[in-house]
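Number of protein chains: 2
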Amino acid sequence: MALIVQKFGGTSVSDAERIRAVADHVARTRRQGNDVVAVVSAMGNSTDDLLRLAGEVSSTAPPREIDMLLTAGERISMSLLCMALADVGIQAASFTGSQAGIITDTAHTRAKILDVRPDRLRAAIDAGIVPVVAGFQGVSTEKDITTLGRGGSDVTAVALAAALGADVCEIYTDVTGVFSADPRVVPSARRLSRISFEEMLEMAATGGRVLMLRSVEFARNHHVPLHVRSSFTWEPGTWVVEEEDSMEHAIVSAVTHDTSEAKVTVLGVPDQPGIAAKLFRALADRSVNVDMIVQNTSEHGTTDISFTVPRVDLATAVEVAESLRDDMKFTEVTSDASIARVSVIGAGMKSHPGVTATVFETLANEGINIEMISTSSIRISCVVDESQVEDAMRALHEAFELGG
Amino acid sequence: MALIVQKFGGTSVSDAERIRAVADHVARTRRQGNDVVAVVSAMGNSTDDLLRLAGEVSSTAPPREIDMLLTAGERISMSLLCMALADVGIQAASFTGSQAGIITDTAHTRAKILDVRPDRLRAAIDAGIVPVVAGFQGVSTEKDITTLGRGGSDVTAVALAAALGADVCEIYTDVTGVFSADPRVVPSARRLSRISFEEMLEMAATGGRVLMLRSVEFARNHHVPLHVRSSFTWEPGTWVVEEEDSMEHAIVSAVTHDTSEAKVTVLGVPDQPGIAAKLFRALADRSVNVDMIVQNTSEHGTTDISFTVPRVDLATAVEVAESLRDDMKFTEVTSDASIARVSVIGAGMKSHPGVTATVFETLANEGINIEMISTSSIRISCVVDESQVEDAMRALHEAFELGG
Chain S
2 MALIVQKFGG TSVSDAERIR AVADHVARTR RQGNDVVAVV SAMGNSTDDL LRLAGEVSST
62 APPREIDMLL TAGERISMSL LCMALADVGI QAASFTGSQA GIITDTAHTR AKILDVRPDR
122 LRAAIDAGIV PVVAGFQGVS TEKDITTLGR GGSDVTAVAL AAALGADVCE IYTDVTGVFS
182 ADPRVVPSAR RLSRISFEEM LEMAATGGRV LMLRSVEFAR NHHVPLHVRS SFTWEPGTWV
242 VEEEDSMEHA IVSAVTHDTS EAKVTVLGVP DQPGIAAKLF RALADRSVNV DMIVQNTSEH
302 GTTDISFTVP RVDLATAVEV AESLRDDMKF TEVTSDASIA RVSVIGAGMK SHPGVTATVF
362 ETLANEGINI EMISTSSIRI SCVVDESQVE DAMRALHEAF ELGG
Chain H
2 MALIVQKFGG TSVSDAERIR AVADHVARTR RQGNDVVAVV SAMGNSTDDL LRLAGEVSST
62 APPREIDMLL TAGERISMSL LCMALADVGI QAASFTGSQA GIITDTAHTR AKILDVRPDR
122 LRAAIDAGIV PVVAGFQGVS TEKDITTLGR GGSDVTAVAL AAALGADVCE IYTDVTGVFS
182 ADPRVVPSAR RLSRISFEEM LEMAATGGRV LMLRSVEFAR NHHVPLHVRS SFTWEPGTWV
242 VEEEDSMEHA IVSAVTHDTS EAKVTVLGVP DQPGIAAKLF RALADRSVNV DMIVQNTSEH
302 GTTDISFTVP RVDLATAVEV AESLRDDMKF TEVTSDASIA RVSVIGAGMK SHPGVTATVF
362 ETLANEGINI EMISTSSIRI SCVVDESQVE DAMRALHEAF ELGG
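As given, the protein sequences belong to chains S and H, one line each in that order. Counting in this note's numbering, the first sequence runs from 2 upward without gaps. Counting in this note's numbering, the second sequence runs from 2 upward without gaps.
One chain only, chain S, in its complex shape (with noise of 0.2 Å):
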């Protein structure tokens, strides 16, 4: 008998029909004799619904109020779940946030979790009872009403399966689990039975998209495992586990693509210590989020200094550099708002020192050139043309034989 906690996504709980299915799943798991916690987020769409009824009423919507009225959509379907599960003979009680003892800080719509106190939760599972708790939400130390930001309900159920000692918390989405690449760009991709925190959170920061960085860092920091699937076929899916010695590793486990970013370089940099610091405050001041950060050896006194940043900021990036121009004397600020990052991970890439050559070889045999490159141990990302991406993906796909 485990303990299981289940997430179910937006599109899981999208409409009656989908809840109806949610709880007939959540029934199957109770009565193959497990204890069971369910979270979930706001139906479908509704959280958008919402923000644009606030545009209507407000042009200056405090923080505090737009919480408040988002935490209405979990109230909708975590109540409508009970319900389905009464329906079905298995006895749930709803729980918001703060029921459910998640403690915040009071950084309004960007909430960090502070604390997890699952008393009440745990009173329920010991009285045979499902609690389903509403996600992405919490309350403040200051007992105001928070919300997590973007992917806070996985975030949610991963801290209540560390406080719970779960020994697995599901993650119900829309796709069966995790890919060795998006399958809509290359269809050879398969899905992954079993990777590595380290990997998937490599993966979260460089464009996968089935798991957001945070809650993978909250489950490798806490032991939890994860385990990716579909709740619109219930089949098994990914899990995401901690590395164990003993594992034979793959090589190269996936391809993972980015094209949400824009490349800056500073040309002509004079070439002493403290400049490039001054580049970097200053973005940082104005909460420009840099990524990649490339410095050429230096030749003639001067260099030059590329970076990334999403592309929605490349305009303020721009205009940051311009303005040091007279301070750092550097010749020219130049920027590409049409480059992709793709990258391939995997754990077996510590031991096989080979990979970074089969990257460099894959790519030139495809006539793609390289713009950027940065690496981490279990890692290796290259900046290319956009238009490239899609052709440098599936050659990479195919030359780590990662294809089904």
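Treat the hints with care, since some could be wrong.
Below, in silico cross-link-like pairs of lysine-lysine (DSS-like), each with a Cα-Cα straight-line distance of 30 Å or less [as the list claims (entries may be wrong)]: (1) LYS144(H) to LYS113(S); (2) LYS351(S) to LYS279(S); (3) LYS113(S) to LYS144(S); (4) LYS279(H) to LYS330(H); (5) LYS113(H) to LYS144(H); (6) LYS113(H) to LYS144(S); (7) LYS144(S) to LYS144(H).
No lab work stands behind these hints: they were computed from the structure.
Take the given structure of chain S and dock chain H to it, following the hints.
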């Protein structure tokens, strides 16, 4: 500088435009130097929409979950009102029933308020912030979310006004006040500028739809003056206040009507002590709410008992009566679903004994037969055939010169 509780019903916050209009009015009240606490219902028909959704999901919706579901409605309207207030430069903060300190019993979907602990509201008021409170909801002594049943938002407003010692509780609705009769039936009906709690109680009990009996009782018991007015015209409406001895009372203030009841008559009941009690105990056991009861003077050792019940309970009431035939040894049960009650109400009636005679004469002149009569010290109610109730209302309204 006064403290004013303003309650806005569903039609007053039915869409973005109406919510902005409410925000303007709260801002106006605030800028006149008053402290304001706003209490809101769910937007328009959103409660019905949520119940429909519940019906699609489940056939056995547990009351606890119905409450969790429905309370999403006020969460949406109150946060939107706070946003609209921010737009017009008024600092506001929303509070759930729980945050506002509305403590109830555990009777889900029809909870009663046990205590009000408005510490957070008072702190907000003292800080110059307008609290916007979710009507209709509270938190039970078991820390579960509850709703207060029909008319619950008015009860919330009155309870907060009492707990905060407010100078007035303004009930904003889609009519301009309390009328001397339903203007759709009696075109000459006029708005009453001032009536006593006792009159308002009698009106609410006999078909006046503007205020529920429950909130008027609460206001009377806690000495909270009510001001019923329109959120469409914002003009002054009807004050409901404590009766003052110095007041010159109108003999009759209003004529009300009610077509929601049916009549049951049990014929030939042996005139023995305890026989009638059996009948009304049996009805109470089946939760049938008996309103008027009339028992004829006994002749030939038997009597006839007539009583009225809600039409929805008529079949049950007849079934209950029939089941007692052997026990009570009556001769027959008859029923009539097409009755109506017309009532004249006025605090001045106490000192004017001729009112009953005028009522009877007026109805007789119209050829209207009175089937049952019941009176209080400030009310005379007559059951007539439903087809004649509008004629009866117009005739009585004219006879007592209530027209504008």
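Please flag the earlier hints that this structure goes against, numbers listed from lowest up. 2
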